[in-house]
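Undergrad: Protein sequence lines correspond, in order, to chains A and B. Take 1 as the starting number for the first sequence in our numbering and just add one per residue. Take 1 as the starting number for the second sequence in our numbering and just add one per residue.
I should point out that these hints are in silico values taken from the structure, not numbers from a laboratory. C-beta: ideal position from N, C-alpha, C; glycine also. Treat each hint with caution, since some may be false.
Unchecked claim - If the Cβ cut is set under 7 Å, some of the chain B residues that face chain A in the computed set are:
| no. | residue |
| --- | --- |
| 1 | Tyr27 |
| 2 | Leu194 |
| 3 | Ala199 |
| 4 | Ser203 |
| 5 | Ala217 |
One-letter residues, chain by chain:
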Amino acid sequence: MSSTTAQPTLDPRDRGGPAQPLLIVDELTKHFPVYGGALNRQVATVHAVDGVSLSVRKGETLGIVGESGCGKSTTARLLMQLIKPDSGRLIFDGDEVGAPGGIDVTSMRRQMQMVFQDSYSSLNPRMTMIDSIAYAPRMHGLSAKAAEARAESLLERVGLHPRQFGRRYPHELSGGQRQRVNIARALALEPRLVILDEAVSALDKSVEAQVLNLLADLKEQFNLTYLFISHDLNVVEFISDRVLVMYLGQVVETGPVEDIYSRPRHPYTRALLASIPTLDPDRRTTVLPLTGDPPNPINPPLGCRFRTRCPFAEAGCAETTPKLAAPIGTQANPVTPHLVACHVAAAQQGAIHGH
Amino acid sequence: MSQFQAIGSIGVPSPPPIVAIPASPGYWRSVWGRLQRDPVTVAVGILLLTIFFVTAFAPLVATQDPTTGSVIGRLQPIGSAGHWLGTDETGRDMWARLAYGGRLSLLTGVAPVTISLLIGGILGITAGYAGGLVGTLIMRTMDVFYAFPSILLAIAICGMLGSGLFNSVLALALVFIPPMVRISETVTSQCRHLDFVEAARASGTTTSQIIRHHMLANVLGPILVYATSLISLSIILSAGLSFLGLGVTPPAAEWGLMLNSLRQSIYVQPYVAALPGLMIFVTSMCFNLTADGLRSAMDVRLAH
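Please model the complete structure; the sequences and the hints are all you need to start from.
TA: Shown next as structure tokens:
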């Protein structure tokens, strides 16, 4: 796969230079109100995404992992501005989104596209594949002929012959073929950043592998940057350069993929990795996998949100929320830092507590 | 040796030739194709067309005047000389009255539904797409109309506006708007949250483009099917209004009105008296079966 050191070729639309991250997310927060009771008043708040900060560097693939319900997909929709965040800033290639002097949401969306998990419901059942792919370019002023030509060449790029599949409807294609069309549709506006929200999770394993390889090829051809959201740790390890681990709407650990997978610092990350079934005796682990469900995001635990399931939890964990910082006793690499949100040194070292 | 070669040739399969699969016909053309393959819908469609043409060209197919007759020749049985379907209680030719009466009956079936389809469809799609306060406001207003049974509501509106063809069409249109709004709101709000609408939003498509290009094509099918099934109800309700003296006024011919005036003669000429009822039954049945046929022809997932 691509390496973190490779210098990406710069896009003509580039503004910030190679060192400027393509996307910086600062303290993104979204709470959903819960209505109920006799007068339909707001009775509770779901803390879906709580102060998430991240940055995606040009040409890299950032993987986001976490259990279902941890706010991965909400984060993706917030980034696309499909839901309005309560607070937080988005900085796309050095320009703040929606701020005076920055770029507006429409121009950001042209450079940032998304592939959804459900390949069937993300295609209009009344449109042919060519029409679906050519739709967005046409709405942005490309002539019908040029849009159709672009759609045909994109279909070819994702491995579907335009003469064979171009005039078909979604129900006439298989899941893998539909997801290829969805990828082509996302590329039709020539985006720089593609958010893949569980894009391969619904496919069976052999098709998943083909689509992953396709994604890797496309990334090289079109000079793309990926934000890859998945609950599948093997897939994330395969495709990502850096990984971000989320738990209950917060980032608990982030760093280069090798560091995270070989030396996880957060007890939650370790538990997640321990749950991967492996045939490799060297990768067997003694850490107990997680038990139970994550706490309800309507009423998340105070302080560290993982402490209710953490074998290392101390009294201090309930008092302050840990901030992302370099693991205790290490110096953070300034470019691709390995950061962890945990108070307890023993927890970061992974020692078994109390023995 | 030859074995290895054989295995080797299996290991490197030649790529399958690309066969251009004939393009799927457009959506509406494929619906039309499926309708043609459904024998019930074809039969019912032919029957409906026959009824339509007979009423449209009533002066050509029925040579006698539907509003004048001789009292001497009243209540002739079916098959009598000069009046093959008999005569009514004032001696008017039944065939002519049925043919002319079909015009008004079909009009009172189709017109209220068309009006309510336009108004109710727009309101419902707006409510479903906008949601929130606008949606709640529209839907709760419609709920008020649901408090009255539809026939009572129609009678009340007609009684208020006075009898007459126009007023009964208006009354029925008002009666049909709430269910039409409810159906369109449901399909629209279901469709609105599908990923392809989100994807269109994510690529910077404007709201009006989304509604025109993505929502309407997916929403119109179910709404049209529902509207078709309402036509039969509309014919029956307007016949009911005429029966009560609130719709079309005599001496004009209309099936509901004819049913009412022939009611007293049912012991003298039961078959003649039943004719307008039979026509109402057959026509509304045809519209219902057409709606069923349309429903299955429009469902893409049933295709192939």
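Undergrad: With reference to the structure, classify each hint as holding or not holding.
TA: Hints, one by one, checked against the model:
Among the interface hints, the one on Tyr27 (chain B) holds; its C-beta lies about 5 Å from the nearest C-beta in chain A, closer than the 7 Å criterion. For the restraint placing Leu194 (chain B) at the interface with chain A, the shortest Cβ-Cβ distance is roughly 5 Å, inside the 7 Å limit, so the hint holds. Interface restraint check for Ala199 (chain B): the shortest CB-CB distance to chain A comes to about 5 Å, inside 7 Å, so the restraint holds. About 4 Å separates the beta-carbon of Ser203 (chain B) from the nearest beta-carbon of chain A, less than 7 Å, and the hint is met.
Using the Cβ-Cβ criterion of 7 Å, the hint placing Ala217 (chain B) at the interface with chain A is satisfied: the shortest such distance is roughly 4 Å.
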